[in-house]
Each structure stands twice: as structure tokens, then as C-alpha cells.
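Chemist: The primary structure of each chain is shown beneath.
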Amino acid sequence: METTLRPVMEAIGITKLYPGTVALNQVDFSVYPGKVNVLIGENGAGKSTLMKILAGIEKPTEGRVLLDGQEVHFTDTREASAHGVGIIHQELNLFPDMRVADNMFAGKEISNYGVIDRKAQTKLASQVLDKLQRGINPNELMLNLRVGQQQIVEIAKTMLEKQLKVLIMDEPTSSLSNAEVEVLFHLIEDLKSQGIAIIYISHRLEEIIRIGDFVTILRDGQRVANAEVKDISVNWIIEHMVGHSNLTIEKLPYPGEPEPVMTVTDYCLPRVGGGWTVDHVSFTLHKGEVLGIYGLMGAGRTELVESLMGLHPESTGKLVLAGETIEKPSIPEQIARGMVLVPEDRQRDGLVQTMSIANNLLLTSIPHFTHNGVIRKDQCKNAVDCTVRDMQIKVADVKHLISSLSGGNQQKVVIGKCVMANARVFMMDEPSRGIDVGAKTDIFILMRKFAAQGNGVIFVGSELKEIMSVCDRVLVMSNGKITADLAGAEMTEAALVAASAANLFTGKAATIEGSVIQ
Amino acid sequence: MNSTVSNRKPQAGVSLGMILLKGRTFIALAILLLYFSLRAPNFTEWGSVVLMVKHASIYGLLALGMTMVIITGGIDLSVGSIVGLSGMITGGMLIEGIRLPWIAGTLYPNVPLILLIVFLLAILVGLCSGELIARLKVPAFIATLGAMYICRGAAMLRSGGATFPNLFGDAAKGNLGFDLIGAGSIPGIDVPYSILIFIAMALIAAFIMKKTPLGNQIYAVGGNERAAQLSGIKIHKVKVFVYIFSALLASMSGIIMTSQLRAAHPATGESWEMNAIASVVLGGTSMSGGVGTIGGTIIGVLVITVLNDGMIMMGVSSFWQMVIKGVVIIFAVVIDLVQKDLQKKAALAARLK
Numbered sequence: 013m014e015t016t017l018r019p020v021m022e023a024i025g026i027t028k029l030y031p032g033t034v035a036l037n038q039v040d041f042s043v044y045p046g047k048v049n050v051l052i053g054e055n056g057a058g059k060s061t062l063m064k065i066l067a068g069i070e071k072p073t074e075g076r077v078l079l080d081g082q083e084v085h086f087t088d089t090r091e092a093s094a095h096g097v098g099i100i101h102q103e104l105n106l107f108p109d110m111r112v113a114d115n116m117f118a119g120k121e122i123s124n125y126g127v128i129d130r131k132a133q134t135k136l137a138s139q140v141l142d143k144l145q146r147g148i149n150p151n152e153l154m155l156n157l158r159v160g161q162q163q164i165v166e167i168a169k170t171m172l173e174k175q176l177k178v179l180i181m182d183e184p185t186s187s188l189s190n191a192e193v194e195v196l197f198h199l200i201e202d203l204k205s206q207g208i209a210i211i212y213i214s215h216r217l218e219e220i221i222r223i224g225d226f227v228t229i230l231r232d233g234q235r236v237a238n239a240e241v242k243d244i245s246v247n248w249i250i251e252h253m254v255g256h257s258n259l260t261i262e263k264l265p266y267p268g269e270p271e272p273v274m275t276v277t278d279y280c281l282p283r284v285g286g287g288w289t290v291d292h293v294s295f296t297l298h299k300g301e302v303l304g305i306y307g308l309m310g311a312g313r314t315e316l317v318e319s320l321m322g323l324h325p326e327s328t329g330k331l332v333l334a335g336e337t338i339e340k341p342s343i344p345e346q347i348a349r350g351m352v353l354v355p356e357d358r359q360r361d362g363l364v365q366t367m368s369i370a371n372n373l374l375l376t377s378i379p380h381f382t383h384n385g386v387i388r389k390d391q392c393k394n395a396v397d398c399t400v401r402d403m404q405i406k407v408a409d410v411k412h413l414i415s416s417l418s419g420g421n422q423q424k425v426v427i428g429k430c431v432m433a434n435a436r437v438f439m440m441d442e443p444s445r446g447i448d449v450g451a452k453t454d455i456f457i458l459m460r461k462f463a464a465q466g467n468g469v470i471f472v473g474s475e476l477k478e479i480m481s482v483c484d485r486v487l488v489m490s491n492g493k494i495t496a497d498l499a500g501a502e503m504t505e506a507a508l509v510a511a512s513a514a515n516l517f518t519g520k521a522a523t524i525e526g527s528v529i530q
Numbered sequence: 002m003n004s005t006v007s008n009r010k011p012q013a014g015v016s017l018g019m020i021l022l023k024g025r026t027f028i029a030l031a032i033l034l035l036y037f038s039l040r041a042p043n044f045t046e047w048g049s050v051v052l053m054v055k056h057a058s059i060y061g062l063l064a065l066g067m068t069m070v071i072i073t074g075g076i077d078l079s080v081g082s083i084v085g086l087s088g089m090i091t092g093g094m095l096i097e098g099i100r101l102p103w104i105a106g107t108l109y110p111n112v113p114l115i116l117l118i119v120f121l122l123a124i125l126v127g128l129c130s131g132e133l134i135a136r137l138k139v140p141a142f143i144a145t146l147g148a149m150y151i152c153r154g155a156a157m158l159r160s161g162g163a164t165f166p167n168l169f170g171d172a173a174k175g176n177l178g179f180d181l182i183g184a185g186s187i188p189g190i191d192v193p194y195s196i197l198i199f200i201a202m203a204l205i206a207a208f209i210m211k212k213t214p215l216g217n218q219i220y221a222v223g224g225n226e227r228a229a230q231l232s233g234i235k236i237h238k239v240k241v242f243v244y245i246f247s248a249l250l251a252s253m254s255g256i257i258m259t260s261q262l263r264a265a266h267p268a269t270g271e272s273w274e275m276n277a278i279a280s281v282v283l284g285g286t287s288m289s290g291g292v293g294t295i296g297g298t299i300i301g302v303l304v305i306t307v308l309n310d311g312m313i314m315m316g317v318s319s320f321w322q323m324v325i326k327g328v329v330i331i332f333a334v335v336i337d338l339v340q341k342d343l344q345k346k347a348a349l350a351a352r353l354k
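Just so you know, the protein sequences line up as chains V and X, in that order.
The number in our numbering is simply the position in the first sequence, starting from 1, with 12 added.
The number in our numbering is simply the position in the second sequence, starting from 1, with 1 added.
Take these hints with a grain of salt, some might be off.
Stated by the list, open to error - If we take Cβ atoms under 10 Å as the criterion, some of the chain V residues that face chain X in the derived model are: (1) Ala132; (2) Met154; (3) Gln346; (4) Ala348; (5) Asp361; (6) Val364; (7) Asn371; (8) Thr376; (9) Lys389; (10) Cys430.
To be verified - Once the Cα atoms are required to be at most 27 Å apart in a straight line, the calculated DSSO-like pairs of lysine-lysine come out as: (11) X/Lys212 x V/Lys411; (12) V/Lys393 x X/Lys23; (13) X/Lys211 x V/Lys389; (14) V/Lys411 x V/Lys299; (15) X/Lys326 x V/Lys393; (16) V/Lys411 x X/Lys346; (17) V/Lys330 x V/Lys340; (18) V/Lys71 x V/Lys135; (19) V/Lys330 x X/Lys235.
What the hints assert, rightly or not - Calculated Cβ distances over 12 Å to all of chain X for the following chain V residues: (20) Asn105; (21) Pro108; (22) Asp142; (23) Leu153; (24) Leu155; (25) Ile221; (26) Arg231; (27) Val246; (28) Phe295; (29) Glu318; (30) Ile343; (31) Glu345; (32) Asp357; (33) Ser368; (34) Ser481.
If you're looking for bench data, these hints aren't it; they were derived computationally from the structure.
Virtual Cβ for every residue (Gly too), placed ideally from N, Cα, C.
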């Protein structure tokens, strides 16, 4: 790719090592002024790591970052922003009970002899907000603003620095309505015309084609492609994003009759502030099947499985589990019926950090190992040892704290806990996130094993390769709806990606081949 | 890879340090005992030992319940007031009986019936706090603070603030024998019932925590409520249980205290909840929940009691007693945090290898 522009910011040969993984491997990335520089890749490809390095949140293990041709070493975001590099995170960092102006100056208050100068803050804030022309009052309380307006405040915050050169936006549209997306795009045009370089991270391919100028694609920590947006298509992006799978999991067949184990009809979860997080979803899970649910972040996949589990009492719909119709599911009842959820965030929702490995495994099933209400130590020990062996959990001693295990082994403990509860329907939400390749493969093999034993397995995932190599059938969700139900030969990467972008703000499927349900 | 971790013995210095850190409350108790037996007159006499253990039993009952509550991540500020209220209800029934307006008479329940009524009342208080906390998600601090005021107020209202004196019972009313609970002991060995009650309740509490699924669930709820919920644990039931159990133990403490004094005073038990919390924390229970043992709490109770009584026997002014107690509690928690930090680092280090 040849261009006459000089980059304002350059990353050269960036390598970042984390214990056990290479997050970035010799990545070059150029950021051009007055352009939207798109960074794209699957989850775990290294986008956020690269972004964090540019914004001063992380330091590279190797490599250099140049700003205006000068090598820079930011120690934190504050220093980065003083050099004109601002970042807007996917989750907004705002204080809802404070005024807009106070939010903008949080952590860098203007003060006279230790007394905060609200007048000066308000004045400066309104100058910046006026420049953005979105009619936001600096005296308004943050909580009274819509999400889109809050995001504009975040942008305004970065513009308080006199010389904003580079603005990093991490999935800025993921929580915006269609109208708000339009507002944001206009704002991005304004910023471009001021010569500010935008680094734009998004999963929404159509968006990228629409507002992007340059695209850099990362895969497995490496830069695989680099192009000007005018030369490329959505297909080109997908091709480079996914690459070619080398993950092979033997899809063990289930010898029995593939009768339905769970039927979901018209399941809904209302979204706070209108609309649906889960929008009239219907599907059937069969015995011996690994059913994938693919989609982008915020597509409603997690909420769907959580609703089925009984975590959202406000959800509605019909659920038939092994012939039994369930009206209002509650978690203990669902577990008793053989339904389990391996939650997305294992630290927060799956494990009790203060307890031992053994006690974590026994969390659900301990009442089974009692005699007259008293715990039978020997039975517990047998069951725990048995699970540790079956699941190949690498432990020194099951009495050690759960935090002594690696991420992959912790995840196996969460799954083991479910196995010990005699599950028949396994719902696994991103079970492979943040764990090493070996453990991933182990977990996929286990999933196939559970299915081959006549159970139903749901695999909620956002990595195409994994979904395609493990699942028999894939449902694609987008914006709360199921936009595709693909099996066998229809289950292509292109079709999955296309369906995951359907039903977004255009309401239409992306214009590429693949069988997409409208 | 992991076998190397398991086979690697920690260095001797580290493990000795850890043992000292972990057994610190026990060591503190030993040092206190040694110090006071040298410095305080009469400290080692059988009489003073029994007296101290009797004190420990009364405070200890509160601390047992408090341990479970704090392990779930909660707090129970109402136990001191429940001590006072239980005493007043007991005293009231012994002296005035229960008026039955519809037959214009008065019922004098016998001692077992009185105990049953007081226990039921305590269970009701615990149930209310528990439901507020578990169902309506009222912060435990607020719910039990409210219960504290209500119970204390109720205790005052029972007699208009006056004391019920001379609670020996009356043969004519058929309620003799109440004073035996506090004063009596098993014939032959000079161990008062109050101590035996405490030992029995401590065993029950330890049994629940160690040997029943409920105990495991109490730890799980305090360690990570969301994970506990997703694991199918009925969080609501667990929380309500601990507040009921705590209130029940507090009422026992109130009854024993009243019986020992043979009088019920509505201010009895004021600030005892703080003593209980201090004992629990000294015993190594984490205020953030999920970690703690009944055994640790018992040692914590002994430390607090020995410190209290020893200083009294030495003639330390009560003002200084408070200051010293405060210093000891803060010191204990700081060491606790240091230990946790070291453990966390060790766990991470083991994982990175």
C-alpha cells in the first residue's frame, strides 16, 4: 500500500508477551492524520492489546512507538493524553451523579490553592462542547444524557487537551442506537476535517466500509493485511480476518435417537429503555448435538442462555426441557432438571475464589454427598478425584485455593462442577475465552464427549474457527434475533459473519453470499 | 509441570513465618495468659479462671452467630439489643406473667415455656432481619442497625426503663429454678451450665460449618454470591438462616446473663455486638466474607476476654482498657491483611511457574 501521507503515529515491530501467550508478534501499524484508521480482527487477535500500548495503558515487550516521528514511551494514559493521544473505551468511564463539566475534568480538576474552580471548568467544557455542536449543556447531570451523548462527552474529554492528535475509539457504536450512530459518524467527519487521526476498532464490517479510510487486520497477534478501504470489500476483510482453521476436533457421533432435549419458543428479554435484548428466539436442541450460538458482542447470546437458566425473571417465552414445560425457571430448579450454565466470566460468576478447588467443584452437588444431612467426606473425595481425572484438571492438591490454578484449569473446574451436578443440557458461554490452546482443545473434546453421551450442548462463542470445528449446527444472533440457523455445508465462515452483521442498524443482511434468514 | 510445583517444598524460613502468622491469635492468647498470670494477682486461681470462661461464654455465644453472618458477607448489629430484650421478656414473664385480657387473668409460664417463648421471639427478629437483607436487598448494616434500635426500644418499653429484680421465681407461680441456668453446675465438677451451653453451641456451629452442605454454602455465598447463585445455591435461605441463628444465640446469651444477675436490666448488652465483631475479626474471619472458622472465633473470644478481665484484675483504668482493645483489634486486622497479601502472591507465583 502506497500513500503520500505521513503517519502521525507509528507502531513499529511491536511484540507483547503475557505469561504463556504472545499477544502481539512484530506488529507494524501506521496511523494517518485526518483519516479513520480501522483496526480489525477476531476476539483475541490482539486489537485491544495494541490499542492499550498506543494509549499508554500497557508497555510493549519489544518495539517502538513513534509520535510525529519522535519515539515516545508513555507511562500512563495521562501522559499519553498530554501528548495528544486520547482513548474512548467501549465501556464509558463516567460518573452518573456528576455534572457533565465535572465529569470532563475528573482527575485533572482546575483548582486555585486547592479549591476547585468550577466556573473555569464549566467555561472550558462549554467551549469544547460548543465546538462539537451537539447541544450538550455542561451543567447537566451525566445520568440525564443518552448513551450517545455520554459518548460525545467522552470525546469532548479527550479534546480538552490543546492538541488532540490521535483519538482511539474502541467499538464506539456497540451500545448506540441507529440515530446516535449517525450523529457519531458526523462527529467523526468533523474530527477528520480538523486533522485528527482516528483509530477505529469495530466488529461491524459495514460500518468500516462506510467510514474507514485505512484497514489493518490482525489475526493471532500478527498483522495479516493492510489496505485502503476504497480498494477492498467486506468479503476481503472476512477472508483475512478468519484465515484458515487448523483446529480439528473429532465430531463423535451420538449413537442414539437425536430426539429434542430442549425446545425454546418465542423467548424474549425486554431491554431497559425499550426494545429487546433477546427478541422472540425459538430453537430446538437435540440429544447428541453441539449447537453453536455465534454473534457479536451485545447480540444477546449471553442474555439468552442466562434467561433459560432463570437468571432474568423478567424474561418470557416457552421452554420445554425433556418433555416438561417450564413456566418461570429458577436456577436451583433448572439445575435439578439437569440444565447448567458455564458462565462467560468465570472469575466473577463461576468460581468462589476464597474456596478450595475441591469445594468449588462441589458447590452445586454437595447435597448429593450427604448422609442424614451430614457431608460424607469419603464420597466427596471420590467424586472430586473422579472429576479431576476425567476432566484432566492439572492440580497439585485439590485442597489448594482455586486461584492457584491456571485459567484453563479454572475453567475445567467450572465445567467439572456442572458435570458433578449430573447435567443433561450444558450451556457454555465463551468457555474458551482467555485460556491456552491446549486447554481449549481439551474443553472442546469434552464438549463433544458430553454430546456423544446423549446430552445437549450449547456453545456460545465468538471465534469462528472454534465454533465451526466443534459444532454440528450454528445459530447466529444479531441484535437479539436469530438471523441464521446453519448446519453442515451451509456453515461457512462467510455466512456466519454475514448473519452476525444482519439486523443491525440497516435492518438488512450484509450483501454477501450465504444463507441468511431475514 | 505441576508436579514440580507440588514437590517443591517452601523454604523453611517462609513456612515458619507462615505458621507464626497463621497461629498469631493463639500465640497472642498464650502471651496474654503468661503475662497476666505473672502480673495480675489471683489470675491463675480456679475461681478467676471459671469467671473468665463464664464471661467468654456469654460474649462467645454472640460471636458464634456473628461468625456465620460475617462469613456470608453480612453483619449483625442487633445482637446486643437482643440480649437486652430477651432478658427483659424473661424477667417480665417471671415476675408479671402474661396477662390474658379475655379471661381477666394472668398466666405464669414455667421456665421451659419462658425459654421457648424467648427463643421464638429471637427467631422472629432474625427472620425479619434476614428477609429484609435477602429479599429486599437492604444492606445488612442498615437492616440490623434498625433491628438494634427496635429491640433496644422494646426492651426499655417492657418495663418503662426499670429493672426486673430478684428473679428467683416463686413456688406459687410455678416458675422456680430460673437462677439455676446461670448459677448451677453439674454436681461433682465445678463447671457452670453457662459454659457447657457455650461449648455445646460452639460444637453445633462448628458442625454446621464443617459437616453440612449448609456450611459450605455459607462460605460460598460470602466468597462469591453470584457464583453461588449460578451454582444453584438458595442464597435467600442461607442468609435468613444465619441471621436467625445469630439472633437465637443472642437470646441464649441474654437469658444466661439475666439468670446470673438474677435481674433483667433493659440496657444489658449495649455495645456487645462490637465485642462480638472484634472477637470474630481477631479470630481471622474476613469482613468481606467467605473466610473464617468457628475455632478461630473461639480463640478470638478468649483473647478479648482475657485482655478485658486481666486488665481489670491488674487495675488498669477502664479508659485505658478501651484504648488498648482498639489497638489490639486494628493490629490484628493489619496482620491479617499482610498474611492474605503474602498468600495471594504465593498462589500467583505458583501459577506462573
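Chemist: Could you grab the alpha-carbon distance between V/Lys411 and V/Lys299 and see if it respects the 27 Å cut-off?
Modeler: violated, 35 Å
Chemist: Since V/Glu345 was said not to touch the interface, does its Cβ keep a gap of more than 12 Å from each Cβ of chain X?
Modeler: violated, 9 Å
Chemist: Given V/Asn371 as an interface hint, is the shortest Cβ-Cβ distance to chain X below 10 Å?
Modeler: holds, 6 Å
Chemist: Using the nearest Cβ pair, does V/Ala348 come within less than 10 Å of chain X?
Modeler: It holds, given that the least Cβ distance between V/Ala348 and chain X is near 8 Å, below 10 Å.
Chemist: Grab the minimum beta-carbon distance between V/Ser368 and chain X and tell me whether it stays above 12 Å.
Modeler: violated, 10 Å
Chemist: Over 12 Å from every CB of chain X: does V/Asn105 meet that, or does the non-interface label fail?
Modeler: holds, 23 Å
Chemist: Just want to verify: V/Val246 was marked as not at the interface with chain X; is every Cβ pair farther apart than 12 Å?
Modeler: With a cut-off of 12 Å, V/Val246 remains clear of chain X, as the shortest Cβ separation is near 38 Å.
Chemist: Checking the smallest CB distance to chain X, is V/Pro108 really beyond 12 Å?
Modeler: holds, 20 Å
Chemist: Holds or violated: is the Cβ of V/Asp142 farther than 12 Å from all Cβ atoms of chain X?
Modeler: Holds, since 43 Å exceeds 12 Å.
Chemist: So, as I understand it, the hint says V/Val364 touches chain X; can you test that by seeing if any CB pair is closer than 10 Å?
Modeler: Holds, because the Cβ-Cβ distance from V/Val364 to chain X comes to roughly 4 Å (cut-off 10 Å).
Chemist: Minimum C-beta separation from V/Ile343 to chain X exceeding 12 Å: can you confirm that?
Modeler: violated, 5 Å
Chemist: Given a cut of 10 Å on the nearest C-beta pair, is the interface hint for V/Gln346 held or broken against chain X?
Modeler: Hint holds; V/Gln346 Cβ to chain X Cβ min 8 Å, cut 10 Å.
The structure fails hints 1, 2, 14, 15, 18, 29, 30, 31, 32 and 33 (numbered hints given earlier, in ascending order).
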